[in-house]
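Residue numbers (this note's numbering), protein chains in the order written: chain A, -17 to 333; chain X, 29 to 676.
Careful, some of the hints might be misleading.
[As the list claims (entries may be wrong)] Here are a few chain A residues that sit away from chain X, every Cβ distance over 10 Å (derived from the structure):
hint, residue
1, 13
2, 84
3, 99
4, 128
5, 162
6, 164
7, 223
8, 227
9, 256
10, 269
11, 302
[To be verified] The calculated SDA-like cross-link candidates involving lysine to any residue, where the alpha carbons are at most 20 Å apart (straight line), are:
hint, chain 1, residue 1, chain 2, residue 2
12, A, 182, X, 334
13, X, 605, A, 38
14, A, 90, X, 542
15, X, 630, X, 508
16, X, 630, X, 233
17, X, 508, A, 251
18, A, 90, X, 236
19, A, 49, X, 233
20, X, 243, A, 99
21, X, 630, X, 568
22, A, 49, X, 236
23, X, 243, A, 90
24, A, 49, X, 614
25, A, 49, X, 235
26, A, 90, X, 669
27, X, 243, A, 49
28, X, 243, A, 26
These are calculated hints, taken from the structure and not from any lab test. C-beta atoms are modelled at their ideal positions from N, C-alpha and C, and glycine is treated no differently.
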Amino acid sequence: MRLINILSIIIILFSCKKEDVSQNSLPDFLSNGTVVLCEGLFQQNNSSLSWIDNNSMSVNNNLFVQKSGRNLGDTGNDIKKYGSKIYIVVNFSSTIEVVDAKTFSPIKQILMQNSGLSKQPRNIEFFEGNAYVTCFDGFVDVIDTSSLSVIQRIPVGLNPEDLSISGDKLYVSNSGGLSLPSMDSTISIIDLNTNTEIKKLTVGLNPGRCVTDSEGDVYVISRGDYSNISSCLVKVNSNTNIVDSVFNLDITGISKMNDMFLITYYDYVSGYSSLSVFDTFLDEVTNNLSIDLSNITTLYGVAYNSFTNTIFISDAMNFVNSGYVYEYTSNGSLISSYNVGLNPSKFHFYE
Amino acid sequence: MVKYHYILLFFITSRLFGQIDSIQNIDEINILSRITLSKHNLLERNEINIIQPTDIGDLLRKFPGTYLRSYGGLGGLKTVSMRGLGSNHSSIVVDGFQLHNSQTGQINLGQLIVDNVQSVNSTVGLNSNFLLPISTQIAGNNFIINTMENSFSIDTLTIRSNINYGSFEQYKGYLGVKYNPNKFFISSFFSKQNSVGNYRYSIVNGINQNSRIRKNNKYSDFNFGISSGLKIFNGTWKIGYQHKSIDQELPGAVILYNETADETLQTVSDRLFTDFKYEIGKLFIRSFINGSIENQRYYDPTYLNNIGFIDYHYKNRSLNSGISFINYFDDWFLYGGLDYTFSDLLVNDITFAKPIRNFSSSMFGVKFNNHFFSFTTQLSGQYINELNQNGVAANNIFRVNPFISLKTRKISKKSQLDLWYRNSFRMPSFNELYYNNIGNVDLLPENANQTNLDFLFVDEMKNISFDFKTAIYFNQIKNKILAIPTKNLFIWSFQNIGRVNVFGGEIQINTNYYFSNNFNITLMSNYTYQKSIDVTNSDSPTYLNQIAYTPEHMFNFDLTLNYKENGLRISNYFISKRYSLNENIISNYLNPIFLMDLSVFKKLNIRKSQNLRFIFNVKNILNTSYAYIRSYTMPGINFSINISYAFN
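Next up, chain X with everything else stripped away, as it sits in the complex (with noise of 0.2 Å):
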């Protein structure tokens, strides 16, 4: 027993410590991995290489429950929204630092670098990474991505690297270099990437198809970053610098008959991290360091005020630090810690409040395990001082928040059961809080209640995997944040008005089938029933309406062909109507969307342990018109080829 568990806690903290060690081929882990990393809400590298994503948000629409908002165009303003949850309820984790913008309260993933990404997973319900922030194992949903810079590996010498040439003038290329001799690592990358970017859409005018160039669409950006690591005493320690300048035009919206824009966006942001690792007898700790520094400048040269420009510097800053652990026992874990983070936002506008935001969150977790079941249950405490050096600052917030779990354990030894609750809020964003005449400072945090019973299934016989699951849930939001006219119809305020019920059921099949050695086909398939409806007000015409921009059906279906080291993979999306606003009325619809993509690859290995890759993609082959926002169009057909070289 004692030994299981040992071996239960050496997996998870082994995936933690990103050590890649020898695991002994015990039934029960091969299992218990097989049921813990089964393939849903996962993607790694080798498919992440083949889907040559544009980037992370075009990854993430790959889960069940996810919704991509995206206003097209490279970096332009991509969010993803799970299980009709806000953006703002989801935390973007990447090598184990969670992501910070307290001015939007959400991260644009179309600015997140993807050429260096290992693997991409969502979690809804328990993290199992016990190990990482404080405020990311409360959040309402996670999104984790691992880097190959950031951890240990197995080889001495590790090189990935790629160019790439697409459609609209993309160039981009990425290189990547570790070291990793016994004790420690160090690592670098660079990344460029240019493109005028000027895409051909189509747009539905009356009972008219228009067909123009989407302008005003340039983009190029530049990331570096260093990475070290040493194993010491018992643990690991890291630390990193990642630079990230981004230069870009704005294309805005496309507006009927009217083709004008011109703003642009100068991004700027330097991130520095450092966490510890260690164990002491069977308490396992992290402590953890992460600041950034964001340099935003807005510029919009025509604007028809009395000075002719719009040129807004808005600079925003971050530390978040803390310490988490995991303690086991027999049958049972300790686990928690506690995080703090300090965000402040500065901007030219004399207009603008001069907000400080101090976060902190505590949380105290038991888990209890049988041979029959596992139950979490876990209590947050989070407390907000919010701070103005300009004017009146928002109510400070404390909030205690519970999750709880009930997973069977062996129902077989392929299946399993698990029913969770968690409840949990976010906090408006400094923009909500206090943009000029929108900003609100009365506001409310918007909370989430989230029910879910999942049923996973997992097994492997002679020529077939197969790994099945299915969710239902049942999501409450209270005190939705939304936007609305309080002074006239052109100054807009954020106000808590809004109650949203989500009904949502998920299917999910992964299976690989093998025809021979040289042979396999391999499926990934999801499907989503959403039924986001506002129960706001019995009164309003929007009772029990489906909310703005959430489909009620969602669906994706990947199938790779392999033959030896060659192969093609199409992949399907297809989200059902939607509208724009939450009266479900004509004027307010949206088509659905069926995208196909597909990518044929070749790779070729050079001696044992190099290969070269090269891929042939083309996106939206049907060449569908479509829109995930309103009047935000996105491309037609458009390629991409990609060469990519990796050692070890």
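Just chain A, with the same shape it has in the complex (with noise of 0.2 Å):
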């Protein structure tokens, strides 16, 4: 009996407590401020959502966990609105969590598996009461935002990245990333009435990123082969689904400022940086910003808040780090930085 309470003294000298992370208090109903994703990092289960609150200029780094009671899973990799629910897609667990806009309460948690395997959910859009989701198994899935349960895969090309939507048509990104360095080239295009894939357009290596202008045209991000080929942007025609223009940029992001796009470039080797604006009438960049970016240790995520005019700009560090996040003015002043979970990339804002 001695020896275990002197072995009990003895854990208890050792066992440190847990540091005592204040975290600021959340409100009931979320307003005025920033949902940041941290992805974390694979393998880690740290993916988390930060709370940026505009009037106390304050962050909340567990937002999630303090709303669900439990951790959002490995990867998170998306987060959007739609109607009265917010969606987020974690990646390598393969989940799509819905919560609802307001209160952040969960709704429900989908989880996308496909016969015992995972599907790994990469990134959402929504058309007329669906949600579509691009699964890394080389399928978008259809969900009922309704039901909130998946009604149909729609095949596409290998490894689908991203999607954007323009008028009745939805815009895939194949990046067959899984198998480089002979990875895919092309864009499924599905008409979003029958829920059917109607062409698959070349745009060039490892697609990534899509989005589409204020005038319908859908703008591709080819990643290129990370070492010989490199990145480019590809404007795809949505009336007649060819390829428009190609810019030769050096490109890692696009976010859309109104009718413009921010552009973003990190290089991983130099560890250069930039940021500048694309014009979409014009289709040339204007470089008309001018936010410092010799605090950016890697440019990682960038968005643009309509409700504040701001712009909001994420430093991943060194990935293995916990990520910042800085909030400028459009005209480039740093209003505030905050210190967010491991790899923050996206943003929802609240009005």
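Please assemble the complex out of the two chains, which come individually in their own frames, going by the hints.
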């Protein structure tokens, strides 16, 4: 008995308490703030959501756990709102978390598995009551946003990454990223009236981010092979469904800013970052942003907040240290910065 | 004086040669042997049997300064890092032969057979076995394993066997036989193991604790070996062959909400080894050849690439040969030698390199003794030539590394002070240099400087023997090899970017108290304090943070009660909080681990030379939920029943 007591004392002495990290409290109803999706790291189950409160200019890095009582999972990849719900796509956990947009209370966790195998969902878009989710197993899943269940699987190309809607068509980038160096080069064009693929269009090696401009044209990043074949931006005419133009740009990300695109580039070898504006009317880089990126270690995500007319930039640091989010005015002045979770990549803004 | 040194040498070489000869009962020997062979950093067969380790890794974690990295499951990857140096700095030596794996640079301790192990010890600083391969003697640290089958013994016939049944439907059997007349021995062993392996674990998810079954965990292995030894001329010649085949499923990391896992790994390895040890006057020489071929097949039947699966075949070959010697004079020893290792890797993936490595090591050392101290210094040179038949090869490397040690001989007859410094390095593995997009052929070796001061005290009184050792050390690791994303988040590459300082201290207390002839109690305990901090970049958020997976406190406390031939052993193991990444923040926090194992054993003597031993072992009796590596959760409470038979 004495021995057990001694052991217990030793354990207590050495069992240092977890650091007491104070987290700012969360409101019952989210407003005037930003949800930041932090991907976390593969196999660490540490994807997270941060809540930036514009009023107090403070951050809470535990939004999902505090609202749902459980972890988000492994490698969160996308977050979007549709109707009264927010959908969070979690890649390696192979789930889609559906939460109430106002309260962030959990509504349903959709398990994205097929015959016991994970579908590895990547990104999500919405059209007339349905959600469309790219799944790395070669399908776009159609989810009824009322029943929150998968109602159809549309076969596309290899490892579909991103998707964008123009009119009644869905454009899906088939990356083939898991077959490096023999990656895919196509996008699948899906008729949303019939939910069938009507065309595969070759756009360039390793298609990734896919965005539709205000005129309905679809822009796809061809990411190349990360060595000999460099990246470019490909414009697809959504009326003719053919490649309209190819812009040889160093580009890793696009985000919409009103009628313009914010274009980001991060060179993984040199550490060089750039942020510029692409004018979708003129189809050229206008470079009229004067944001100082010298304090950014790894430019990883960018988004424009139309409610506050500000630009959010995420810094993934070295990918294994917690990241930062910087908020700038549209003319490039730093407003504030926030220490968030690992690998912050996407944003959802609240009015 | 001469006699004394001869005795010392005799003592050392008798251990080296593995021959059990009668040692004269001279006080000096006893003192020396007690100092040299005090129980610190040593586990022998009887204890190993009682501990019922799952594998070698289970044993090594009992030594101070060692931190086990286990991915769980039978045969799952297990490595041990010593005093903050990565596992690639350790050499694993079995019966005097170093095990090699140039592909990963580390030996999976989970795949080494444990049933035939006679003793395991860890060494840092000077390795007193000067006839080990030179590359072992100059490594950062060593784990030395001796088995029953590969040594001469006193008895003409030795038999060891055991059968084991354990949780998760684990069945295991082993039989080893050695025939050893006066001039030669021949031995052989077989072992077979099967396990379904799907164990229950629990994992914290937010504010909840979820209990699950870890699946895709089947494991089966088969080991076979045959050895022979012959006393010829003034020495011994030994030759042996060992075969291992393993079929295992890979459960992978526990991913929340996603329990799909279907990868498998098959391993077949064959090893042939021979050595010749001989004595010419005051010169003792050992020459050896050790060749191995390991074939591995990694299969992922549902990988989402263009062919729908991954089926990689790896063939890692190595041939290691060398010569080492020790020559003694009155107050001096000269020792040294050289060895050479050829290794290559063949992979069916056309994007992988076809690397070949020629690694030569040479070393020359001097040891000076007098009544008060012994002084040892050695200088080693290593040259590594890299070739790649399928692309660019890494640069050739030439390094010179020193070692120096000053050890007191007689503060008293019972105590000893040892101060030493070692400079060493470890080569990047083939995976780190060449693995598709991950490898980096420009990598430099990872350097380590170790400085140590330790104090040993050994005493024996009427009813009690006492063995105390304490050490403080400071290690520096430069050019630490770390993986970071270099092309995108999913394509990482190895870089030399880290610097780590390690400040550590250890205390070991081993004692044996006899209440009566029939009743005694044995304590084996150690405590390690280790501050391993990142000093790479003062602007980094991880500057001066404890590096990932390195606890500050580690504690072993094993208590054995022996009454006649029966007994009880309680093993306690504690490691303090760790972080899964270098940044010491709450989201990277990993809970401390406290494990308690219990063994009850009974020995039945059958005549004079035979015995049966029954052991009931419960591991993790407190059903602690724990993980050495984040997302690789370990089993809860589990048990095993073991019956072993020994003849001599």
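We went through each hint and held it up to the structure:
1. 13: holds (24 Å)
2. 84: At roughly 21 Å from the nearest Cβ of chain X, residue 84 of chain A sits farther out than 10 Å, so the non-interface label holds.
3. 99: violated (5 Å)
4. 128: holds (23 Å)
5. 162: violated (7 Å)
6. 164: Check fails; 6 Å does not lie beyond 10 Å.
7. 223: The claim holds: residue 223 of chain A sits with its nearest Cβ about 24 Å from chain X, beyond 10 Å.
8. 227: Nearest chain X Cβ is 25 Å from residue 227 of chain A, so the label holds.
9. 256: holds (16 Å)
10. 269: Given that every Cβ of chain X is farther than 10 Å from that of residue 269 of chain A, nearest at about 25 Å, it holds.
11. 302: violated (5 Å)
12. A/182 / X/334: Roughly 17 Å between the alpha carbons, so the hint for residue 182 of chain A and residue 334 of chain X holds.
13. X/605 / A/38: The hint is violated at about 33 Å.
14. A/90 / X/542: violated (65 Å)
15. X/630 / X/508: Not satisfied, since the Cα-Cα distance of roughly 48 Å exceeds 20 Å.
16. X/630 / X/233: Status violated; Cα separation ~42 Å.
17. X/508 / A/251: holds (19 Å)
18. A/90 / X/236: With a Cα-Cα distance of about 18 Å, the restraint between residue 90 of chain A and residue 236 of chain X holds, given a limit of 20 Å.
19. A/49 / X/233: Holds, at roughly 13 Å.
20. X/243 / A/99: holds (14 Å)
21. X/630 / X/568: Violated. Residue 630 of chain X to residue 568 of chain X sits at ~56 Å, over the 20 Å cutoff.
22. A/49 / X/236: holds (13 Å)
23. X/243 / A/90: Violated. Residue 243 of chain X to residue 90 of chain A sits at ~26 Å, over the 20 Å cutoff.
24. A/49 / X/614: holds (19 Å)
25. A/49 / X/235: holds (11 Å)
26. A/90 / X/669: violated (46 Å)
27. X/243 / A/49: Between residue 243 of chain X and residue 49 of chain A the Cα gap is close to 30 Å, so the pair fails against 20 Å, i.e. violated.
28. X/243 / A/26: Within the cut-off at roughly 18 Å; holds.
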